[in-house]
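**Student:** One line per chain: the protein sequences are X and F, in this order. At position 18 of the first sequence (counting the first as 1) the number is 18 in our numbering, and the numbers step up by one without a gap. To get our numbering, take the position in the second sequence, counting from 1, and add 1000.
Note that these hints are calculated values from the structure, not bench results. Here a beta-carbon is modelled for each residue, glycine too, at the ideal position from N, C-alpha and C. Don't take each hint at face value.
[To be verified] Facing chain X, a subset of chain F residues (Cβ under 8 Å, in silico): (1) Ser1048; (2) Asn1051; (3) Glu1053; (4) Ile1056.
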Amino acid sequence: AQTVTQSQPEMSVQEAETVTLSCTYDTSESDYYLFWYKQPPSRQMILVIRQEAYKQQNATENRFSVNFQKAAKSFSLKISDSQLGDAAMYFCAYRSFPAGTASKLTFGTGTRLQVTL
Amino acid sequence: DTAVSQTPKYLVTQMGNDKSIKCEQNLGHDTMYWYKQDSKKFLKIMFSYNNKELIINETVPNRFSPKSPDKAHLNLHINSLELGDSAVYFCASSPSEGLGETQYFGPGTRLLVL
């Protein structure tokens, strides 16, 4: 079974600084997608960034970028120039199409990011 | 202009009652989902429908029954509510069940069973 592990329950970063959130996953599939979702206090889940396993180039979305290490099964999220609005729970998620079953999004346990002045 | 809406946002009820949560998406998506987020913030898929057909049914008590009257709606009915059902329930939708599709989440329904 696929599992997603986020080993940092909480992280803190100062405004304008850079922070990296860790995520590792376990899979025997070759084709899959990885995602980072953000859940601010409003509870709304919002997609931050996604990465296809076949793409070697790391995905980037403005201040958000990933470091995807396929062999190590690692998918970390880097937030540059942190802003107060980045404070939220961040969930790493994995999705593949195991043979004979529908695909489903498997989430990690989340990392709570605090942004301080 | 809400993309994925859920009603109600909050639900407080007694053990043993039956309740429903409604979900509607106006994005024209084919696939809809129900997730449960427990008190430790762990988010887990419960059900998924594609074009009104059930495609994912995780190990969920059969007190939980999803219903999709059309592609834009996926409702969740819960019978004989138990204390352990207290959680936040999220509805989501995506254009299809494709691997890389973005799932758009509703605002969540916080259910408290007393």
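**Student:** So, Ile1056 (chain F) near chain X? Judge it on the closest CB pair being under 8 Å.
**Tutor:** Holds - the Cβ of Ile1056 (chain F) comes within 8 Å of chain X, reaching about 5 Å at its closest.
**Student:** Regarding the hint that Asn1051 (chain F) lies at the interface with chain X, is the smallest CB-CB distance below 8 Å?
**Tutor:** violated, 12 Å
**Student:** Return the status of the interface hint for Ser1048 (chain F): holds when the least beta-carbon distance to chain X is below 8 Å, violated otherwise.
**Tutor:** Status holds, d = 6 Å.
**Student:** Go through the hint on Glu1053 (chain F) and say holds or violated, using the shortest Cβ distance to chain X against 8 Å.
**Tutor:** violated, 10 Å
When the structure is compared with the earlier hints, violations turn up for hints 2 and 3 and for no others.
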